[in-house]
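When you get a sec, could you build the whole thing from the sequences and use the hints?
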Amino acid sequence: MSALLTAHIEYIRYTDQELLQLLSQGDVKAFDTLYDRYWEMMFKKAFYLLQDRQICKDIVQDIFTLIWENRKKLQVRLLKPYLGAAVKFKIADHIRSGKVRMQFIERATIAPTQAGVEETAEWREMHQILQRAMAALPQKCLEIFTMSREGNLSNREIAERLGISVKTVENQITIAIRKIRSTVGPYLLTCLIAAMLND
Amino acid sequence: MNTDQIIQLAERIALGMASEDDVRLFSEYCDAGMPAAQLWSEPDMGNLETTRVEMINTLHERITRSARIRRLQRLKWAAAAAVLLFFAGSTFYYYAQQRGNKTVASISPSPVNIPPGGNKALLTLANGTTIVLDSAANGLLAQQGNSKVLKTNNGQLAYNTANEKPTEVLYNTLATPRGGQYQLVLPDGSKVWLNAASSIRYPTTFTGTERKVEISGEAYLEVVKNKTMPFIVKLGSPAGVKGEVRVLGTQFNVNTYDDEPVVKTTLLEGAVQVKKDAASAILKPGQQSQLAGTGKLSVVNDADVEEVMAWKNGKMLYRHAGIEAIMRQAARWYDVDVVFKDRVEDTYTASVPRNVPISQLLEVLELNSGVHFTIEGKKITITK
Chain A
1 MSALLTAHIE
11 YIRYTDQELL
21 QLLSQGDVKA
31 FDTLYDRYWE
41 MMFKKAFYLL
51 QDRQICKDIV
61 QDIFTLIWEN
71 RKKLQVRLLK
81 PYLGAAVKFK
91 IADHIRSGKV
101 RMQFIERATI
111 APTQAGVEET
121 AEWREMHQIL
131 QRAMAALPQK
141 CLEIFTMSRE
151 GNLSNREIAE
161 RLGISVKTVE
171 NQITIAIRKI
181 RSTVGPYLLT
191 CLIAAMLND
Chain B
1001 MNTDQIIQLA
1011 ERIALGMASE
1021 DDVRLFSEYC
1031 DAGMPAAQLW
1041 SEPDMGNLET
1051 TRVEMINTLH
1061 ERITRSARIR
1071 RLQRLKWAAA
1081 AAVLLFFAGS
1091 TFYYYAQQRG
1101 NKTVASISPS
1111 PVNIPPGGNK
1121 ALLTLANGTT
1131 IVLDSAANGL
1141 LAQQGNSKVL
1151 KTNNGQLAYN
1161 TANEKPTEVL
1171 YNTLATPRGG
1181 QYQLVLPDGS
1191 KVWLNAASSI
1201 RYPTTFTGTE
1211 RKVEISGEAY
1221 LEVVKNKTMP
1231 FIVKLGSPAG
1241 VKGEVRVLGT
1251 QFNVNTYDDE
1261 PVVKTTLLEG
1271 AVQVKKDAAS
1281 AILKPGQQSQ
1291 LAGTGKLSVV
1301 NDADVEEVMA
1311 WKNGKMLYRH
1321 AGIEAIMRQA
1331 ARWYDVDVVF
1341 KDRVEDTYTA
1351 SVPRNVPISQ
1361 LLEVLELNSG
1371 VHFTIEGKKI
1381 TITK
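Residue numbers (my numbering), protein chains in the order written: chain A, 1 to 199; chain B, 1001 to 1384.
Each hint can be trusted.
No farther apart than 27 Å at their CA atoms in a straight line, the calculated lysine-lysine pairs in the DSSO-like style are these:
1. K1379/B to K73/A
2. K1341/B to K72/A
3. K1384/B to K29/A
To give a feel for the contact side, a few chain A residues facing chain B, derived at Cβ under 7 Å:
4. G26
5. Y35
6. K44
7. R53
8. V60
9. F64
10. T65
11. K88
12. I105
13. A108
14. E119
15. M126
16. H127
If you want the footprint, here are the derived chain B segments under chain A, 3+ residues with CB under 8 Å:
17. 1003-1009
18. 1050-1060
Because the hints were derived from the structure by calculation, they are not lab data.
Glycine included, C-beta positions come from ideal geometry on N, C-alpha and C.
In structure tokens, the structure reads:
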């Protein structure tokens, strides 16, 4: 059990939603309390897969920084799965950049377990985040991107179906990826959180 | 799934290219790597408490770096009781706002955010020719008699005079608009930083027994020492109407805006004498002279030099400043008009970089008070 910041003892009784409400008004104590509540869970989640202390610290710090920066726009229904989803996105990003691939592979090759309630909530959050990011794409671009993503179609197959050139398909997919990532910055998450909230 | 497929899965997630099935699968892979009861393992993960503290400290640093508001609760209670009583009303009002369930009004999304000022100025030569400095290319701008006028860099102007005796003295004026700022190196090497809505009139070469310039608005000067030629700054327009500052070699800031209640000269280094008609004062470093409209000249010890110099250092810094004073400065830097619909008594302590759009400054001010800003084009309306 991690030590508590005793200065904020009166905040412990608040629910996540109440703390988020206070946070949106710039209440740093609410921020600290949320941090206290979840930092360890997030760190361990990342560490078991990546085995790198500094990267895990970066992940937790980056997520909380984004939460602070977007505190006014934040509209999260369930904070715990949301934070879990955020950590998983960050993990994916670090795998992509190459540093911790072997560690992840060693641990993730265990056959996937049956998802329980909490785990389900997390991947559903991830999916929602992606959905919102994509909703910002222009119509045609979104259509092509979705076909590529969901239908496992090759670019040629998509081109044939839509009656456009393969080059166009490739361009649109590139644009879509760039837009989704660009709203974000170096890590997907930035944008995802912002996209999450403009409801 | 083999190794490559798993990596590709992770990449699709990172790129936003993942389908719902992808997301579910990746999430399950992640879950598979974690035991049900996760214990903190110090040999692997490090010291629990140290990690917790390091991260929260970094987070706090990041929070205070972007915008800092020191709340009135940190007012030193040892301060004069009179001050305490005066503030008591607004302090409790402050807290009533914070504790109550009243949500702080947020800035209504504005289609156009107002950008900060930049390096802009207009140079008027002795013969009346004007040169817009924002767009001028670097290099030689003009030659006047023996003097070369050079744009050395973005936002900087310099004068090079050949060492021959000049035939006549020519005057130039450098003026910044609202939303502008500029730097100038005078013919003697003295440096001048001009804030927004300010101007300096100066000769292209210094001759005679005195170096004289005329300044209106706000400027910071670093004057090169020359015992045989004291440097004199005439304040206000027409020249000298707000007094003058005599220096030998020194660093100081003058603030002579018409809409500010007093004319302020703040000395950082060296020595200056401030004069207005019969009144005069000699300043030591750290002191500030204040000239009121009545003609009364007073000297303040331990002036808040950091606050005075913030503009030159690229910041907007306020310590216990009233919102009207803050908005007067903002109006000049962002070139906006400010209208107060309600009276706002609170004072603010905040630090914001100068090169940000106005919304960031307003956000900082709104954060812990009931003040509401509405932006319409270039007009900012303030209500409670």
